Amino acid sequence: MSVRAWTYASVSDKIADIVLTRPSHWVWIGGFLLTFAGTGLFFSAIVYLFITGVGIWGVNIPVAWGFAITNFVWWIGIGHAGTFISAFLLLLRQRWRTSINRFAEAMTLFAAGIAGIFPILHLGRPWFFYWIVPYPNAMELWPQWRSALVWDLFAISTYLVVSLLFWYTGLIPDLATLRDRAATRAKRVVYGLFALGWRGEARHWARHEFLYLLLAGLATPLVISVHSVVSLDFAVNIVPGYHSTVFPPYFVAGALFSGFAMVLTLAIPMRYFFRLEDFITLRHLENAAKILLATGWIVAYGYLIETFTAYYSGDQYEIAMIEDRMFGFYAPLYWSLLSCNVLAPQVLWWRRARRSAWGLFALSIVVNLGMWTERMVIVIQSMHRDFLPSAWGLFIPTVWDWIFLGGSLAFFAFLFLLFLRFLPAISISEMRKLVHEEKSR
Amino acid sequence: MSEKLYGVIAEFASAEALLDAARRARTAGYRGVEAYAPFPVDGLAEAVGMRRNWIAALVFGGGLLGGLGGFFMQWYSAVVSYPINSGGKPPNSWPAFIPVTFELTVLAAALVGFLGMLFLNGLPRLYHPVFNVREFDLASRNRFFLCLRAAPHDEARRFLAGLQPMGIWDVPQ
Chain A
1 MSVRAWTYAS VSDKIADIVL TRPSHWVWIG GFLLTFAGTG LFFSAIVYLF ITGVGIWGVN
61 IPVAWGFAIT NFVWWIGIGH AGTFISAFLL LLRQRWRTSI NRFAEAMTLF AAGIAGIFPI
121 LHLGRPWFFY WIVPYPNAME LWPQWRSALV WDLFAISTYL VVSLLFWYTG LIPDLATLRD
181 RAATRAKRVV YGLFALGWRG EARHWARHEF LYLLLAGLAT PLVISVHSVV SLDFAVNIVP
241 GYHSTVFPPY FVAGALFSGF AMVLTLAIPM RYFFRLEDFI TLRHLENAAK ILLATGWIVA
301 YGYLIETFTA YYSGDQYEIA MIEDRMFGFY APLYWSLLSC NVLAPQVLWW RRARRSAWGL
361 FALSIVVNLG MWTERMVIVI QSMHRDFLPS AWGLFIPTVW DWIFLGGSLA FFAFLFLLFL
421 RFLPAISISE MRKLVHEEKS R
Chain B
1001 MSEKLYGVIA EFASAEALLD AARRARTAGY RGVEAYAPFP VDGLAEAVGM RRNWIAALVF
1061 GGGLLGGLGG FFMQWYSAVV SYPINSGGKP PNSWPAFIPV TFELTVLAAA LVGFLGMLFL
1121 NGLPRLYHPV FNVREFDLAS RNRFFLCLRA APHDEARRFL AGLQPMGIWD VPQ
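Sequences listed follow chains A and B, in order.
Numbered according to this note's numbering, the first sequence spans residues 1 to 441.
Numbered according to this note's numbering, the second sequence spans residues 1001 to 1173.
Please keep in mind that the hints were generated in silico from the structure rather than gathered at the bench.
Computed from a prediction, not measured in an experiment: that's the story for all the values here.
Please note: incorrect hints may appear among the correct ones.
[What the hints assert, rightly or not] Here are the simulated EDC-like pairs of lysine to aspartate or glutamate, each with C-alpha atoms no more than 16 Å apart in a straight line: (1) A/Lys439 / B/Asp1042; (2) A/Lys187 / B/Asp1137; (3) A/Lys187 / A/Asp17; (4) B/Lys1004 / B/Asp1170; (5) B/Lys1004 / B/Asp1154; (6) A/Lys14 / A/Glu277; (7) A/Lys439 / B/Glu1016; (8) A/Lys14 / A/Asp278.
Just chain A, with the same shape it has in the complex (with noise of 0.2 Å):
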């Protein structure tokens, strides 16, 4: 059944009844005790960090930079994909994005939420992390805005606003839908909050319309400044591995790529388990893996052009880095992210692979594991041989590492979970307006 042979009452109803009445699946109930448990670990494993400090983890010198800044940096560009699907391809009018904006976009804000933790938790005094935030103080100290951390503050913080505000505003007349059509008072009481009782007047469709086009505008640059920024706190400093000029394009494209991967990651259980496979259909997951493969190459270009940086620069220390990189301590790590990221998705080329639901899931599970090693040997590989043999070191991961990243995947399935639960997981307005369009055709 394609969009013609919906109306805007079926559209609605089927979207909205998702939420309101339909009673919980039990993989929905089992997942959502696992990853509250897992919820609970995280937050624990916060306090126990806070009381205890970073000794718990396996950084040290020469690696002061362990698994919580490779999380902040995963996490970051996993969040990038929803607002490049929100975003960037109501630009461009790709209408087929209509069924999976918004569960992306909530994708984003979590993953976002997530990422902000990590550089917090990894200070050693986390209790002083707003002195990073200009505010009248009587030190009348300012922060240093030559520091790339600086900047780092402001484009996470801003994408995570604006991010919100665009998922908020999307939202508005779908909450007002909900408050409508829900069968009980302290539902219609929640929702009709939240809907901040939009009545779908049409000079204020009009405003909303017109707003939700600018906020596309502008995430649209904002989400290649927030992984470039990013890739700055690394590519300011000289440490060999770190310094190099192709890294925010490389970043940006490292960002969409992992993102894309999660978004199949979530999208194709959704599908399944909600029935939603006339709404995400084979064509969005052949889209979102046409994505992939491109922003796959991107990537693979910037692992190709750092390899032949560091022997065109002639710096023995670049060399080095990168010698150790292919075939030192963390080597197998190295290997397996290329597998993952550059060879695996070359599936993609062929039609039954980008049409092959489950197929796409393992790949996008792959890609996934692939782009957090990645960031993992950017991040730790880079750092452990210093420039003096005197100072060279191994990171080795301890338990807690592993709880902080096993917790925050919990973490984010737990939100994913609610949304799922509590929100339409597909924009109802813009399915009707969709179906508008169908029909005047």
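Add chain B to chain A, keeping to what the hints say.
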């Protein structure tokens, strides 16, 4: 009915019918015309008499304010209030101030745009007379409504009946 009315509202089945009705109401000289639809209908806002959409101007103003303010904050802090020598760079090392300036431009533009949208729409407003009409629940699902504020209401009702709607209701104040 002695009770004062907010207006008279009529229900339509399609966006085209609502657009047509709104245009005809305006042509007939009605001023307080409100049209409600479950999704943005092209041309409907103009049809009910919306003249200017201020959102673009607000977003631009917000961005300008954020950008200039953001750069000024960094310049003031690094040149006037707290100049320190960092790597031999001049106090006003403006290229390094660009990332924060850009982020604050976007942040302020988005915030002003969002708050401006709510303000111009008169939201949040949890109570509104049109919600008193039971059928209005469908305005967020599949029905289209046209509300005429103008008195005398009997005349407005007759006018709406001429547009052949699915139903007509009084909207109590």
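Hints breached by this structure: The structure conflicts with no hint, since it agrees with every one listed earlier.
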